[in-house]
Amino acid sequence: MEKFGFSLTKARVIDYDANDRSIVSYILEREPSLNLCIECGCCSAACTTGNFTGFSLREIHILLKRGENDLVRQKIRKCMLCGKCILVCPRGVNTRNVVFLAKQAFTKNEGYEF
Amino acid sequence: MNFDPFIIPFNIGLYFILIYAVVRSVIWFRELSRPDKLRLQRGFFGKAFGQSLKEIFLESLIHRKILKSNPRLGYMHMSLAFGWFLLILFGTIEADIFGERHLNPPYKAIFFKFFSPDHGKTFFEASYAFLMDLILAFILSGLVLAVTKRFFSRVVGMKKTTKLKPLDKVALTSLWLIFPSRLIAESLTSGAYGTGSFLTGNLGAALASFLPANELAYPFWWLYSLSLGTFFVLLPLTRYLHIPTELFLIFMRNSGIRTGDKPGSFSEVEVHSCSSCGMCIDVCQLGFSAGIHTIQATYLMKGIRNSDYIHDIAHNCLMCGRCDQICPVGIEISPIRMIVRRIEENDRVYENSWNGYFRNRLNVPAPKQDNKPSYDFLPAPVSKKADVLYFAGCMTHLTPSIKKAMVKILDASGLNWSFIDEDGGACCGRPLMLAGNDREARELINFNSQLIWKSGAHTLVTSCPICYKVFRESYYLDVEVLHHSQFIKNLIDEGLVNMNFLQKRVTYHTPCELGRRSGVYEEPKEVIRHVATLEPTGYDDENSLCCGGSLGNIMLSHDKRRGIAEDVTARLTANDPDSLITACPLCKKTLAQATSTRVVDIAELVAEAIADAPALKKNPSRHKKKVVRESAASL
Amino acid sequence: MNPHVIVIGGGTAGMEAAGRLARAGMSVTLIEKGKDLGGHLRDWYHLFPDRRSSDEVLEYLKGQISHQNIRLLTGQQVTGFIHKGNEFTVSTGNGDTINGDALLLATGFDLFKSERKEEYGYGIYENVITSADLEAMFRKKEVKLVSGKKPERIGFLHCVGSRDEKVGNIYCSKLCCVTAVKQAIEVKKIFPASKVFCFYMDMRMGGALYEELYKEAQEKYSVGFIRGKVSEVAVNINNRLVAKVEDTLVGRPLKMELDMLVLMAGMEMSEDAVRLAKETNLQMGENRFFKPADHHFGTNMGNVNGVFYAGACTAPLNITETISHARSAVTEIVNYLNTGRK
Numbered sequence: 001m002e003k004f005g006f007s008l009t010k011a012r013v014i015d016y017d018a019n020d021r022s023i024v025s026y027i028l029e030r031e032p033s034l035n036l037c038i039e040c041g042c043c044s045a046a047c048t049t050g051n052f053t054g055f056s057l058r059e060i061h062i063l064l065k066r067g068e069n070d071l072v073r074q075k076i077r078k079c080m081l082c083g084k085c086i087l088v089c090p091r092g093v094n095t096r097n098v099v100f101l102a103k104q105a106f107t108k109n110e111g112y113e114f
Numbered sequence: 001m002n003f004d005p006f007i008i009p010f011n012i013g014l015y016f017i018l019i020y021a022v023v024r025s026v027i028w029f030r031e032l033s034r035p036d037k038l039r040l041q042r043g044f045f046g047k048a049f050g051q052s053l054k055e056i057f058l059e060s061l062i063h064r065k066i067l068k069s070n071p072r073l074g075y076m077h078m079s080l081a082f083g084w085f086l087l088i089l090f091g092t093i094e095a096d097i098f099g100e101r102h103l104n105p106p107y108k109a110i111f112f113k114f115f116s117p118d119h120g121k122t123f124f125e126a127s128y129a130f131l132m133d134l135i136l137a138f139i140l141s142g143l144v145l146a147v148t149k150r151f152f153s154r155v156v157g158m159k160k161t162t163k164l165k166p167l168d169k170v171a172l173t174s175l176w177l178i179f180p181s182r183l184i185a186e187s188l189t190s191g192a193y194g195t196g197s198f199l200t201g202n203l204g205a206a207l208a209s210f211l212p213a214n215e216l217a218y219p220f221w222w223l224y225s226l227s228l229g230t231f232f233v234l235l236p237l238t239r240y241l242h243i244p245t246e247l248f249l250i251f252m253r254n255s256g257i258r259t260g261d262k263p264g265s266f267s268e269v270e271v272h273s274c275s276s277c278g279m280c281i282d283v284c285q286l287g288f289s290a291g292i293h294t295i296q297a298t299y300l301m302k303g304i305r306n307s308d309y310i311h312d313i314a315h316n317c318l319m320c321g322r323c324d325q326i327c328p329v330g331i332e333i334s335p336i337r338m339i340v341r342r343i344e345e346n347d348r349v350y351e352n353s354w355n356g357y358f359r360n361r362l363n364v365p366a367p368k369q370d371n372k373p374s375y376d377f378l379p380a381p382v383s384k385k386a387d388v389l390y391f392a393g394c395m396t397h398l399t400p401s402i403k404k405a406m407v408k409i410l411d412a413s414g415l416n417w418s419f420i421d422e423d424g425g426a427c428c429g430r431p432l433m434l435a436g437n438d439r440e441a442r443e444l445i446n447f448n449s450q451l452i453w454k455s456g457a458h459t460l461v462t463s464c465p466i467c468y469k470v471f472r473e474s475y476y477l478d479v480e481v482l483h484h485s486q487f488i489k490n491l492i493d494e495g496l497v498n499m500n501f502l503q504k505r506v507t508y509h510t511p512c513e514l515g516r517r518s519g520v521y522e523e524p525k526e527v528i529r530h531v532a533t534l535e536p537t538g539y540d541d542e543n544s545l546c547c548g549g550s551l552g553n554i555m556l557s558h559d560k561r562r563g564i565a566e567d568v569t570a571r572l573t574a575n576d577p578d579s580l581i582t583a584c585p586l587c588k589k590t591l592a593q594a595t596s597t598r599v600v601d602i603a604e605l606v607a608e609a610i611a612d613a614p615a616l617k618k619n620p621s622r623h624k625k626k627v628v629r630e631s632a633a634s635l
Numbered sequence: 001m002n003p004h005v006i007v008i009g010g011g012t013a014g015m016e017a018a019g020r021l022a023r024a025g026m027s028v029t030l031i032e033k034g035k036d037l038g039g040h041l042r043d044w045y046h047l048f049p050d051r052r053s054s055d056e057v058l059e060y061l062k063g064q065i066s067h068q069n070i071r072l073l074t075g076q077q078v079t080g081f082i083h084k085g086n087e088f089t090v091s092t093g094n095g096d097t098i099n100g101d102a103l104l105l106a107t108g109f110d111l112f113k114s115e116r117k118e119e120y121g122y123g124i125y126e127n128v129i130t131s132a133d134l135e136a137m138f139r140k141k142e143v144k145l146v147s148g149k150k151p152e153r154i155g156f157l158h159c160v161g162s163r164d165e166k167v168g169n170i171y172c173s174k175l176c177c178v179t180a181v182k183q184a185i186e187v188k189k190i191f192p193a194s195k196v197f198c199f200y201m202d203m204r205m206g207g208a209l210y211e212e213l214y215k216e217a218q219e220k221y222s223v224g225f226i227r228g229k230v231s232e233v234a235v236n237i238n239n240r241l242v243a244k245v246e247d248t249l250v251g252r253p254l255k256m257e258l259d260m261l262v263l264m265a266g267m268e269m270s271e272d273a274v275r276l277a278k279e280t281n282l283q284m285g286e287n288r289f290f291k292p293a294d295h296h297f298g299t300n301m302g303n304v305n306g307v308f309y310a311g312a313c314t315a316p317l318n319i320t321e322t323i324s325h326a327r328s329a330v331t332e333i334v335n336y337l338n339t340g341r342k
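Protein chains in written order, with my numbering: chain A, 1 to 114; chain B, 1 to 635; chain C, 1 to 342.
Worth flagging that the hints you see were computed from the coordinates, not collected in a lab.
Quick caveat: nothing in here was measured; it's all calculated off a predicted structure.
Each hint should be verified, as a subset may be incorrect.
[To be verified] Restraint-style ranges between C-beta atoms, simulated for each label pair:
#: 1; chain 1: A; residue 1: Ala18; chain 2: B; residue 2: Asp423; range: 53 to 59 Å
#: 2; chain 1: B; residue 1: Phe377; chain 2: C; residue 2: Asp55; range: 43 to 49 Å
#: 3; chain 1: B; residue 1: Gly291; chain 2: C; residue 2: Ala208; range: 17 to 23 Å
#: 4; chain 1: B; residue 1: Ser596; chain 2: C; residue 2: Met1; range: 42 to 48 Å
[Said to hold, decoys possible] Below, simulated BS3-like cross-link-like pairs (lysine-lysine); rule was C-alpha separation at most 25 Å, straight line:
#: 5; chain 1: C; residue 1: Lys255; chain 2: C; residue 2: Lys278
#: 6; chain 1: C; residue 1: Lys113; chain 2: B; residue 2: Lys404
#: 7; chain 1: C; residue 1: Lys140; chain 2: C; residue 2: Lys62
#: 8; chain 1: C; residue 1: Lys255; chain 2: B; residue 2: Lys404
#: 9; chain 1: C; residue 1: Lys220; chain 2: C; residue 2: Lys189
#: 10; chain 1: B; residue 1: Lys372; chain 2: A; residue 2: Lys108
#: 11; chain 1: C; residue 1: Lys174; chain 2: B; residue 2: Lys560
#: 12; chain 1: C; residue 1: Lys278; chain 2: C; residue 2: Lys84
#: 13; chain 1: C; residue 1: Lys220; chain 2: C; residue 2: Lys188
#: 14; chain 1: B; residue 1: Lys454; chain 2: B; residue 2: Lys385
#: 15; chain 1: B; residue 1: Lys372; chain 2: A; residue 2: Lys75
#: 16; chain 1: B; residue 1: Lys47; chain 2: B; residue 2: Lys37
#: 17; chain 1: B; residue 1: Lys504; chain 2: C; residue 2: Lys113
#: 18; chain 1: C; residue 1: Lys35; chain 2: C; residue 2: Lys62
#: 19; chain 1: B; residue 1: Lys149; chain 2: B; residue 2: Lys169
#: 20; chain 1: C; residue 1: Lys149; chain 2: B; residue 2: Lys404
#: 21; chain 1: B; residue 1: Lys262; chain 2: B; residue 2: Lys37
#: 22; chain 1: C; residue 1: Lys291; chain 2: C; residue 2: Lys255
#: 23; chain 1: C; residue 1: Lys188; chain 2: C; residue 2: Lys215
#: 24; chain 1: B; residue 1: Lys404; chain 2: C; residue 2: Lys144
#: 25; chain 1: C; residue 1: Lys144; chain 2: C; residue 2: Lys255
#: 26; chain 1: B; residue 1: Lys149; chain 2: B; residue 2: Lys68
#: 27; chain 1: B; residue 1: Lys408; chain 2: B; residue 2: Lys372
#: 28; chain 1: B; residue 1: Lys454; chain 2: B; residue 2: Lys384
#: 29; chain 1: A; residue 1: Lys75; chain 2: C; residue 2: Lys255
#: 30; chain 1: B; residue 1: Lys408; chain 2: B; residue 2: Lys560
#: 31; chain 1: C; residue 1: Lys35; chain 2: C; residue 2: Lys113
#: 32; chain 1: C; residue 1: Lys188; chain 2: C; residue 2: Lys141
#: 33; chain 1: C; residue 1: Lys174; chain 2: C; residue 2: Lys113
#: 34; chain 1: C; residue 1: Lys215; chain 2: C; residue 2: Lys174
#: 35; chain 1: B; residue 1: Lys262; chain 2: A; residue 2: Lys108
#: 36; chain 1: B; residue 1: Lys404; chain 2: B; residue 2: Lys384
#: 37; chain 1: B; residue 1: Lys384; chain 2: C; residue 2: Lys255
Just so you know, even glycine gets a beta-carbon here, dropped at the ideal spot from N, CA and C.
Isolated chain A, as found in the complex (with noise of 0.2 Å):
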């Protein structure tokens, strides 16, 4: 769809305001060490899942933190839960207990079904 002008640009923005931030808020609530992640990517390099596809829970984290929750639900499925992130996190993020609760958050609050 071609859209010109302002709106093009608009969809680039992170509107952080009108972002919805109620999914972090529950993982962080019940994971706080979330909050650690200092965006190294290791997590991303060690993947079993991200070795196949598109998939980086750097990228969760982040998008998770900033509100933008349609790219992480369509995203976190692809988690196969496998655990080698937990080992290789330098700040000891509890990366898989991240997954599990945004996909419960997910469940809840939007009544989404995965």
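Since the structure of chain A is already known, use the hints to place chains B and C on it.
Positioned in the frame of chain A, the structure of chains B and C alone reads:
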């Protein structure tokens, strides 16, 4: 005299509990699946019946398992259960022999002394009274321990005792009152009539010397009856339901019924059979190494019984199986935990009705309607033809030394082998299952199954015990699945590799998924003994510890995991070994972070022993016989 | 009689402090566990940011300690000390005891043992080396692969053993970034045709002339910088190393073949100093380095009056900072001895 109003509370309680037991067991039976019903019927008329009686005697009355691991606690349970049983049995016989009539109503046996206060004059009667006093004294000694345990749990050798809810406290009080009130009632009556044996007789005589014994006895008979009645009526609402329920459990189990992966009658019976003895609390590493005291098996059972919020309890568990191992009732704790994990956060397994006297099993949500695949990005499985497949597993890619060692060992074996996940494969599916996501796991299982099947291999070797367990139990594979320690053991037995003996003292950490979860204890130890000096740690085999890194727990923080690992390594390296051996990449990584002792996988140890130098002489007599028998089957 | 100061550790900090103390009129005993003085400095080739030879600094320090008031005890391990009143008695491994009026700990650091990050393959794959190994190659003027060939592509992996909860080191060693850039430049000077990449989490170039060095590496030597922490290293059929990383700025995983991988090992409190601290109840911080009495104006003191610290036993410090820290320790000690040892 044949009747007195004070027996009414007891009678109400007794008939209530009998009717309740019948109704409840009919419901449980009706809700069993068809195959389980058949099993139970067959078991009831088969040899399972005898087995069950024996087990009921040994476990429900004598409490053999608790006695073995904790004699004081065992004595406490035995004196109460077995003592009460004897009291009822001999009381009934007493009422039958010495009473006015034969075949008396139950209250006659319970309140025999009241109805036959003169009893005990002849020698025969006196000896019987002596026996009854002895049994009562036996029970009371246990009661003293129980009361002490409630206030000072260390007395019975336990670090922690279970926490109670209010109703349990009322029931507990009534239970505690039963035997002291009987003692005092009987003593006072005996004192008034000059009967009774060493306990009730002497106590009675002493009390009668300064108290109006006959008048005082009556209120205590009331108290005795009331305590019994209260206890029976409250029984279904309290943890003491475990006393009758355990009998069902034993019958069901001996008939071949297992927990399975959905809630059902059997898991409900299991949940109600938990006596809250607290032995699971003492063995739980989350308790003694991580300071988490709310999630142990007994609390899970309590939470399910009370329809509490138990999502966190269910998930905050290492799934190491130490509690399954120790549970004296033999409850399959981990499968029950897995059932709860499969349920959505706010759903309950059971819902209480009739003020808690009955529980309706909730319809656990049917498998999600959304059957959209999660892993449709996985490519079409392609694999090389080979006889032996090596599946390193996700974690092994983070321990290149294990990978390198296995490549060396497989090359040295001369077998036609192929490395299926050399460039990274799909996960085996068990981590998803442990989080309760079975449907997703099934997708990965299908993918890997095709990969394995297409290779035409007859043996699948894996370095990861997590993969090993799921390959063996949840994959439908026509290949022999071996953990690398078993594979190496076979190679040694068949003389396919020669090794030097390393001058090293080592200790061995049994990974939970390999040991308690899969029953592989001996092969790794035999392999280690073949190449090094293996020393015991006090935490061997069934008593092994979890490293703390378990994928079974999705909630545990890094700090707590590290604390557990530090505790474990301190215990396993207490005698300062040259290396700490394990057989799991996850255990290796977790333990290595927490100790300065070298942590080595069994494959690395073996690879080190496969020296370029000529092999030492082997002991041929040990291996030759096995070669013929096993080579066809295993390799 | 001159007050007697015992300096433990004969590296940069210990040597500088010993020389300054002697010149301030103290009598000094300098105890070094190794055969030679100089500490880690003897292992380095050129120093950042100006790439001056480490030998020059070593020469300066040797000049500092040639003083009649300094007694040298090399090859002696300090096993503990006791203090009675204001007097310290230091005992060494061979049973000697030395008495003094004040104690200066200049025990320095140990390099993180890179084997502990097994996923990087140090000790498993032959061409995975540490930054210290590379310095040794520079000194010998023999930078090459184990096969003897020239490396064509070299990777530098930042933060090995630093900023990593998994090895228990949450702190930043702060020198590894600039060291990596310096080493990248040195490698490029030796092999102009090679490709050099730094894998970093954050470029922490917060020292004088560091950023300039970073720019020089980009401008003159085309060193590549990839933002992402390497998760694991494997070898492929050609026996080349393969590093797996997420190129976080692109947002995609990246695999790169390398001939040589240099692990930028971080700094840890020296094991011997940890043992000494535990035995003598000297406080250590959460990072295990000696805990200073105050982070602003007491970094040379700890929890025991009369015991002073200098150099990298308090935190990761570079040579410049270590020398300054040693000098400030001298000021503190002189002050302590002149004002009634309070």
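List, from low to high, the hint numbers that the structure doesn't satisfy.
Violated: hints 1, 2, 3, 5, 11, 22, 27 and 30.
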